[in-house]
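> Now for the letters of each chain:
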Amino acid sequence: MIPLNWYLFVSGMLFCIGIFGVLSRRNAIAILMGIELMLNAANINLVAFGRFMDPSVLAGHVFAVFVLTVAAAEAAVGLAIIIAVYRNIEHINVDKINIMKW
Amino acid sequence: MAESLRPIVSYTWLIPVMPLAAFGLILLTGRKGPGRGAYVAIGAIAASFVLSMLVVAWTVSNSAQSLKGPYVAGGHASAHIEYSNEPREEETPHPWQPVGIYNIQPYTEHYDLAPEPFARSVPWVTIGGQPIRMGFVVDPLTAVMLVVVTVVTLLVEVYSIGYMHGDVRYPRFFAYLSLFSAAMLSLVIADNLLLFFVSWELVGLTSYLLIGFWFERPTAMRAAKKAFIVTRLGDVGLFLGVLLLFWYTKTVNLREIFEQIPSLLGMTLHLGKTALPIMPLAGLLLFAGAVGKSAQFPLHVWLPDAMEGPTPVSALIHAATMVAAGVYLVGRMYPVFAYSDHSVSLTVVAVIGAITALMAATIATVVNDIKRVLAYSTISQLGYMMLALGVGGYTAGLLHLLTHAFFKANLFLGSGSVIHGTGTQDIQQMGGLRRHMPRTYWTFLISSAALMGVPFTAGFFSKDEILLEAFHVNKVLFSMGLAAAFLTAFYMTRLISLTFWGEQRDPQIHAHESPRVMTTPLIFLAILSVVAGYVAWPTKNLFHEFLHFGEGHAEFSWQVATMATLAAALGIGLGLALFWKRVIDPSIFRRALPWAYNLLANKYYFDEIYWAILVVPMFWTMNLLARFDQKIIDGLVNGVAYLTVALSILQAWIDKWIVDGIVNFTGGFVKLWGRFFRFAQTGLLQDYALIVFVGLLMIIGVYLYKW
Numbered sequence: 433m434i435p436l437n438w439y440l441f442v443s444g445m446l447f448c449i450g451i452f453g454v455l456s457r458r459n460a461i462a463i464l465m466g467i468e469l470m471l472n473a474a475n476i477n478l479v480a481f482g483r484f485m486d487p488s489v490l491a492g493h494v495f496a497v498f499v500l501t502v503a504a505a506e507a508a509v510g511l512a513i514i515i516a517v518y519r520n521i522e523h524i525n526v527d528k529i530n531i532m533k534w
Numbered sequence: 033m034a035e036s037l038r039p040i041v042s043y044t045w046l047i048p049v050m051p052l053a054a055f056g057l058i059l060l061t062g063r064k065g066p067g068r069g070a071y072v073a074i075g076a077i078a079a080s081f082v083l084s085m086l087v088v089a090w091t092v093s094n095s096a097q098s099l100k101g102p103y104v105a106g107g108h109a110s111a112h113i114e115y116s117n118e119p120r121e122e123e124t125p126h127p128w129q130p131v132g133i134y135n136i137q138p139y140t141e142h143y144d145l146a147p148e149p150f151a152r153s154v155p156w157v158t159i160g161g162q163p164i165r166m167g168f169v170v171d172p173l174t175a176v177m178l179v180v181v182t183v184v185t186l187l188v189e190v191y192s193i194g195y196m197h198g199d200v201r202y203p204r205f206f207a208y209l210s211l212f213s214a215a216m217l218s219l220v221i222a223d224n225l226l227l228f229f230v231s232w233e234l235v236g237l238t239s240y241l242l243i244g245f246w247f248e249r250p251t252a253m254r255a256a257k258k259a260f261i262v263t264r265l266g267d268v269g270l271f272l273g274v275l276l277l278f279w280y281t282k283t284v285n286l287r288e289i290f291e292q293i294p295s296l297l298g299m300t301l302h303l304g305k306t307a308l309p310i311m312p313l314a315g316l317l318l319f320a321g322a323v324g325k326s327a328q329f330p331l332h333v334w335l336p337d338a339m340e341g342p343t344p345v346s347a348l349i350h351a352a353t354m355v356a357a358g359v360y361l362v363g364r365m366y367p368v369f370a371y372s373d374h375s376v377s378l379t380v381v382a383v384i385g386a387i388t389a390l391m392a393a394t395i396a397t398v399v400n401d402i403k404r405v406l407a408y409s410t411i412s413q414l415g416y417m418m419l420a421l422g423v424g425g426y427t428a429g430l431l432h433l434l435t436h437a438f439f440k441a442n443l444f445l446g447s448g449s450v451i452h453g454t455g456t457q458d459i460q461q462m463g464g465l466r467r468h469m470p471r472t473y474w475t476f477l478i479s480s481a482a483l484m485g486v487p488f489t490a491g492f493f494s495k496d497e498i499l500l501e502a503f504h505v506n507k508v509l510f511s512m513g514l515a516a517a518f519l520t521a522f523y524m525t526r527l528i529s530l531t532f533w534g535e536q537r538d539p540q541i542h543a544h545e546s547p548r549v550m551t552t553p554l555i556f557l558a559i560l561s562v563v564a565g566y567v568a569w570p571t572k573n574l575f576h577e578f579l580h581f582g583e584g585h586a587e588f589s590w591q592v593a594t595m596a597t598l599a600a601a602l603g604i605g606l607g608l609a610l611f612w613k614r615v616i617d618p619s620i621f622r623r624a625l626p627w628a629y630n631l632l633a634n635k636y637y638f639d640e641i642y643w644a645i646l647v648v649p650m651f652w653t654m655n656l657l658a659r660f661d662q663k664i665i666d667g668l669v670n671g672v673a674y675l676t677v678a679l680s681i682l683q684a685w686i687d688k689w690i691v692d693g694i695v696n697f698t699g700g701f702v703k704l705w706g707r708f709f710r711f712a713q714t715g716l717l718q719d720y721a722l723i724v725f726v727g728l729l730m731i732i733g734v735y736l737y738k739w
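Just so you know, the sequences run in chain order C and V. Residues 433 to 534 (the numbering used here) are what the first sequence spells out, left to right. Residues 33 to 739 (the numbering used here) are what the second sequence spells out, left to right.
Bear in mind the hints are in silico, worked out from the structure with no lab data behind them. Check each hint, because a few of them may be wrong.
[Claimed, not checked] Pair ranges (Cβ atoms, derived):
no.	chain 1	residue 1	chain 2	residue 2	range
1	V	Tyr735	C	Ile515	35 to 45 Å
2	C	Val517	V	Arg710	22 to 32 Å
3	C	Val442	V	Phe709	34 to 44 Å
4	C	Ala505	V	Thr714	20 to 30 Å
5	V	Phe709	C	Ala508	28 to 38 Å
6	C	Ala508	V	Asp687	50 to 60 Å
7	V	Lys738	C	Val517	41 to 51 Å
8	C	Ala505	V	Tyr737	32 to 42 Å
9	V	Tyr735	C	Phe498	23 to 33 Å
[Unchecked claim] Only part of the chain C face toward chain V is listed, based on derived beta-carbon distances under 7 Å:
no.	residue
10	Val454
11	Leu455
12	Val526
13	Asn530
14	Met532
15	Lys533
Ideal Cβ positions, reconstructed from N, Cα and C, are used throughout, including at glycine.
Take these sequences, add in the hints, and give me the full structure.
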């Protein structure tokens with residue numbers, strides 16, 4: 433059986449790739465994709481711990497399903513915001529979007 | 033009879049309450065009340081009159097059955113007054129006790145208290161742990177006073193309908209009269225000194241209000257103030273007397289005080305090094321109140337000035353009832369005065385009474401104001417009553433109070449009718465009014481006869497009794513009384529001659545008779561002025577059986593009666609000779625003895641002396657105090673104010689620069705840091721994400737480091 437550490441390692445890698453995406457990409461859609469990666473890294477963790485700690489209790493699995501739901505809702509809202517931004521300023525380059533300040 | 037009336041007597045308290053209610057009602061309704069207030073007042077006093085008559089009927093029948101003597105003393109009295117011309121032998125002369133001028137068996141040796149006829153009381157207040165009950169008592173003395181007050185008040189109020197007709201403050205007049213009668217009636221039924229004192233002050237207040245009723249006139253205003261202040265001087269004494277008795281007996285109830293008199297006899301009050309015996313002191317202090325209220329020498333000066341009030345007021349308050357309250361006070365508190373057969377206080381009462389009687393009568397012979405003649409006559413007659421009480425003539429003094437109330441009220445009302453008809457008060461301008469005002473003339477004549485002591489009028493019986501009592505006790509006092517009787521006859525003859533007889537001297541005056549509503553009370557009072565004396569017929573003195581102090585009673589003496597009648601006849605004859613027939617020129621006295629005339633015309637300079645020795649120093653003192661007040665007290669107040677202002681300025685500076693400074697500094701500090709930190713808010717999404725990530729790393733770093 434594959435040990436727990438391997439799962440954690442994969443999940444950590446996936447999370448780092450997600451953060452890197454969020455912090456370095458200029459395209460808002462790419463940032464959303466990075467966020468999805470981070471969420472899925474968390475999901476891997478949840479499922480892995482759920483399997484290794486106590487397989488009879490399905491708390492990790494159920495929690496992963498909830499995270500998927502939240503991710504779907506977040507993606508919908510995020511994309512709607514991006515579309516609204518695009519309609520107003522005709523690009524989605526987050527480097528240039530800085531009107532929400534003092 | 034007595035038993036069937038007993039339930040009614042327990043409602044005696046209603047007698048003063050009804051006029052009091054009328055007072056309140058007139059205050060509320062004013063001009064809109066029935067008869068513009070007059071009918072309310074008259075209705076109330078008529079109700080009081082009826083109730084009083086029932087109470088009097090009970091007292092009389094009760095007295096006839098079982099009671100001998102007044103509530104205050106004398107029920108089972110075994111004492112009697114022994115009259116002798118020799119002064120009593122003194123065993124141990126006390127510096128306070130002059131040679132006894134009368135021979136009365138002292139209250140404390142022989143008198144038991146009568147069984148109390150009727151008294152009711154309710155708890156009132158608690159003073160110094162002593163519960164004080166308020167209530168009323170019905171005894172023969174109360175009955176006599178109830179008759180006097182209700183009868184005269186009723187007739188005067190009816191008369192006032194005519195006299196005060198058209199006055200701008202007509203309802204107020206009747207309100208004041210009602211308040212007065214309420215106070216006076218509660219005064220005569222009071223069973224304790226506290227209620228007595230309260231009523232006493234209330235009648236003084238209404239007297240003040242009614243003397244100053246026409247306050248637009250400066251003289252009336254001044255007379256009201258004078259009356260109030262002068263009587264207050266006496267009232268201080270009265271109040272001290274009440275306090276003294278309360279202090280030593282721990283009660284204000286009259287009967288309880290009288291019961292404790294024997295134990296007070298040897299007691300003294302130490303003032304510094306002088307030891308004052310309690311009983312004479314209490315008597316003298318109480319008498320001071322009577323001197324003020326009854327206008328006795330030397331506090332008589334207010335009563336002539338009080339004539340500035342409306343004439344019905346003079347008749348009711350300043351002739352018949354309120355000024356007699358002083359006599360009533362001495363009569364009511366008689367056991368306090370008659371504590372020994374050499375009572376200092378009774379001696380003082382007698383001497384003051386005699387001086388007052390003679391002095392006022394001499395002044396009355398030269399006064400030209402019709403009301404002031406009667407005012408001095410009133411003072412003189414009140415002196416008579418005091419003289420009677422002072423020489424032990426308890427019954428005689430109070431009989432004279434009763435008869436004098438009727439004839440003097442009538443004389444005042446008659447003079448009011450004259451003033452109403454002629455528009456002047458100066459008797460030198462009048463004359464010949466007999467033809468124009470017949471009803472006023474006849475009633476005035478009858479009452480004058482009563483005042484002069486013409487035989488078979490009321491005044492004859494009472495005056496004769498007084499002179500009789502004085503004759504048996506002290507010849508000097510008797511002579512003064514006799515001289516006053518002579519002068520009384522003289523000045524009343526002068527008054528009638530100048531007013532009603534002869535020819536009219538001032539053609540400007542168009543005299544007319546007063547309306548029926550004014551003359552009818554005159555007729556009633558004239559009848560009373562004659563018949564009131566017959567209760568004291570010399571051979572069968574029913575009044576004495578009803579009201580007496582002890583059993584003693586001076587036997588009727590032809591000698592005294594003849595002397596009294598002769599004195600009156602002489603006075604009348606001299607008056608007729610001088611002022612009617614003009615056999616002798618009236619001005620001869622003025623020319624022969626100018627200094628004596630001036631002395632009398634200036635009323636013995638009492639007002640001037642009081643002005644110089646009392647009022648002027650008072651003004652000085654007051655000015656001094658006013659200046660002290662202005663400079664020192666006001667200076668202090670202003671200084672405090674200035675200090676407050678200075679402190680406030682300092683405080684405002686502190687508030688502005690220190691307190692506000694701290695607040696503003698806090699605000700500025702926060703603002704400064706806020707201005708610095710807001711650069712973190714770039715608006716760039718990835719900056720925030722980076723900060724969150726770095727923060728996360730830092731938390732993890734701290735976690736790992738600590739673990």
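> A separate judgement is required for each hint: does it hold in the structure or not?
Taking the hints in turn, this is what the structure says about them:
A hinted range of 35 to 45 Å holds for the C-beta pair V/Tyr735 and C/Ile515, which are about 40 Å apart. In this structure the hint that C/Val517 and V/Arg710 lie 22 to 32 Å apart at CB holds, the actual value being about 23 Å. In this structure, C/Val442 and V/Phe709 meet the distance hint of 34 to 44 Å, their C-beta atoms being roughly 40 Å apart. Take C/Ala505 and V/Thr714: their Cβ atoms lie about 28 Å apart, and the range 20 to 30 Å holds.
At roughly 34 Å, the beta carbons of V/Phe709 and C/Ala508 sit within the given window of 28 to 38 Å. Distance hint check for C/Ala508 and V/Asp687: the Cβ-Cβ separation is about 59 Å, which falls inside the suggested range of 50 to 60 Å. The hint said 41 to 51 Å for the Cβ distance between V/Lys738 and C/Val517, and at roughly 42 Å that hint holds. Take C/Ala505 and V/Tyr737: their Cβ atoms lie about 37 Å apart, and the range 32 to 42 Å holds.
A C-beta distance of roughly 26 Å is found between V/Tyr735 and C/Phe498, which places it inside the suggested range of 23 to 33 Å. Restraint check, C/Val454 versus chain V: the minimum CB separation of about 6 Å is within 7 Å; hint holds. This hint holds: C/Leu455 has a C-beta 6 Å from the nearest C-beta of chain V, less than the 7 Å allowed. The interface hint given for C/Val526 is met, as the beta carbon of that residue sits about 5 Å from the closest beta carbon of chain V, less than 7 Å.
The closest approach between the C-beta of C/Asn530 and any C-beta of chain V is roughly 4 Å, which is under the 7 Å cut-off, so the hint is satisfied. The interface hint given for C/Met532 holds, since its Cβ lies 5 Å from the closest Cβ of chain V, which is under the 7 Å cut-off. Checking C/Lys533 against chain V by beta carbon gives a least distance of about 3 Å; that is within 7 Å, so the hint holds.
Checked against the numbered hints given earlier, the structure satisfies every one of them.
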